[in-house]
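There are 2 protein chains.
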Amino acid sequence: MEQYEEVLDRVLSILVEGNLSKNQQAPVTEIAKTIPVGISNRHAHLSRADIDSLFGKGYELTKLKDLSQPGQYACKECVTICGPKGVLEKIRVLGPARPVSQIEILQGDTFKLGIKGELRLSGDLNGTSGATMIGPKGSVQLTQGVIVAQRHIHMLPEEAKHFGVVDGEQVSIEFDGPRGGVLNNVIIRATANSGLECHIDTEEANALGVTSSTRIDILK
Amino acid sequence: MEQYEEVLDRVLSILVEGNLSKNQQAPVTEIAKTIPVGISNRHAHLSRADIDSLFGKGYELTKLKDLSQPGQYACKECVTICGPKGVLEKIRVLGPARPVSQIEILQGDTFKLGIKGELRLSGDLNGTSGATMIGPKGSVQLTQGVIVAQRHIHMLPEEAKHFGVVDGEQVSIEFDGPRGGVLNNVIIRATANSGLECHIDTEEANALGVTSSTRIDILK
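Line by line, the protein sequences are chains A and B.
If you're matching positions, the first sequence starts at 1 in the UniProt record's numbering and goes up one per residue.
If you're matching positions, the second sequence starts at 1 in the UniProt record's numbering and goes up one per residue.
Rather than coming from a laboratory, the hints here were simulated on the basis of the structure.
Certain hints may be false.
All copies of an identical chain are treated as equivalent in the list; a pair is satisfied when it fits inside any one copy or across any two copies.
Unchecked claim - With a Cα cut of at most 20 Å, we get these calculated DMTMM-like pairs of lysine to aspartate or glutamate:
no., residue 1, residue 2
1, K116, E159
2, K116, D167
3, K220, D176
4, K112, E89
5, K161, E89
6, K85, E60
7, K57, D167
8, K116, E197
9, K220, E174
10, K85, D124
11, K76, D66
12, K137, D176
13, K116, D52
14, K90, D66
15, K63, E158
16, K137, E174
With the sequences and hints as input, model every part of the structure.
Quick look at the structure:
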């Protein structure tokens, strides 16, 4: 029954798309269902031990600004990431420290570094590529931890209920505009202490003409 | 009637998508309808006068390899592109010379250069940003000519007929895979002396998980 409703939803959205201009599209649904978009550039989450190695024993990261996810922040500190073929400089460190270091890069960076970029959700690091991180006080050779982030939507469990989705579900999201389109396989991450935001990276944002003021619809 | 068939096609493709695995998807339709994808990185087309200014009077570009569009080729030569905020080095020159110089960059490059990136088809340069080009023998200040290429599909008029599209029409194209999705507003360029190929840029390719072996379907 649920599948039938999904198909019906998609058929209806196509019919609406075919008969109405962008500006005429069901405004009520749009207000009820749009989600802000956060555009992620390359960044690194560091473990306490790796902060010690890169910036000095006991070094404390300096908060630059809070991010949309509660407790997460961008730091003043940057690191250099090295692969067998090239280097990425000025990679922003995000805080606070995590149990394990994780570097999130763009698909385009994988060619520059000369490493494979596994498409993964944050924290799912088994079997991913490694790289060398360089800081002002030393370097760390990661055996794994480099990922290309899989697009996802953070929300509270009650927001998931409102949107009719569940944690771990894959949905599609739609963008208007001259570079408009649909991105599939966007993972719902419905957890307590989340800020409602869809996370895509800069290549995805540029390809779809997305800016920081863009809001998206979930297409189930 | 044609519209009805289009809707039916899309409904059918959704039903097929929902019930069959990727490998089982209607092979006959796929063979008949898929189009190879060419991924464009940043590049420059130069006028004869600008080749003279950048590389020396009467300089002839050196062909490196032929491109998919008949008569077009990548050259050994590169130029540097400068904007008010930054520089792009090693921008590949494509030959042969054109009546007017045109620089095609990525949306992400526009932030680096500090210029506006108008989304345009090749040749549609009125009102676009300028930039300074630097070569081994001199520089040229373009007052306009910098674009972000609008995605498009080159084909012969008879191929357009086969695909049921016309020159100038905007279509959507679909990609499978973990970063799959749909890109809208892809312009059909149906002209004599064309090679069948869908042109997207590296940001679009990376966002959708596209490689040089990817083939796409037209969704009308």
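Now the hints, each set against the structure:
For the identical chains of this complex, K116 and E159 are neighbours neither inside a copy (35 Å) nor across copies (37 Å), given an alpha-carbon limit of 20 Å. In the homo-oligomer, the alpha carbons of K116 and D167 never lie at most 20 Å apart, since the shortest distance is 28 Å inside one protomer and 39 Å across protomers. When the C-alpha separation of K220 and D176 is checked against a cutoff of 20 Å, the pair qualifies both within a copy, at 17 Å, and between copies, at 17 Å. In the homo-oligomer, the alpha carbons of K112 and E89 lie at most 20 Å apart both inside one protomer (12 Å) and across protomers (15 Å), since each shortest distance falls under that limit.
In this assembly of identical chains, the alpha carbons of K161 and E89 never lie at most 20 Å apart, being 41 Å within a copy and 49 Å across copies at closest. In the homo-oligomer, the alpha carbons of K85 and E60 never lie at most 20 Å apart, since the shortest distance is 31 Å inside one protomer and 32 Å across protomers. Within a single copy, K57 and D167 get their C-alpha atoms no closer than 38 Å, and across copies no closer than 64 Å, so neither meets the 20 Å cut-off. Within a single copy, K116 and E197 get their C-alpha atoms no closer than 28 Å, and across copies no closer than 27 Å, so neither meets the 20 Å cut-off.
In this homomeric assembly, K220 and E174 come within 20 Å of each other (Cα to Cα) both inside a single copy, at 10 Å, and across copies, at 17 Å. Within a single copy, K85 and D124 get their C-alpha atoms no closer than 25 Å, and across copies no closer than 37 Å, so neither meets the 20 Å cut-off. Within a single copy, K76 and D66 get their C-alpha atoms as close as 12 Å, which meets the 20 Å cut-off; across copies the closest is 46 Å, which misses it. For the identical chains of this complex, K137 and D176 are neighbours neither inside a copy (46 Å) nor across copies (44 Å), given an alpha-carbon limit of 20 Å.
For a Cα distance limit of 20 Å, the shortest separation of K116 from D52 qualifies neither inside one copy, at 27 Å, nor across copies, at 42 Å. Taking the closest pair of Cα atoms, K90 and D66 come within 20 Å of each other only inside a single copy of the chain (19 Å); across copies the shortest separation is 37 Å, beyond that limit. Taking the closest pair of Cα atoms, K63 and E158 never come within 20 Å of each other, the shortest separation being 30 Å inside a single copy and 60 Å across copies. Neither within a single protomer nor between protomers do K137 and E174 lie at most 20 Å apart by alpha-carbon distance, with minima of 45 Å and 47 Å respectively.
The structure is inconsistent with the numbered hints 1, 2, 5, 6, 7, 8, 10, 12, 13, 15 and 16, although it conforms to all the rest.
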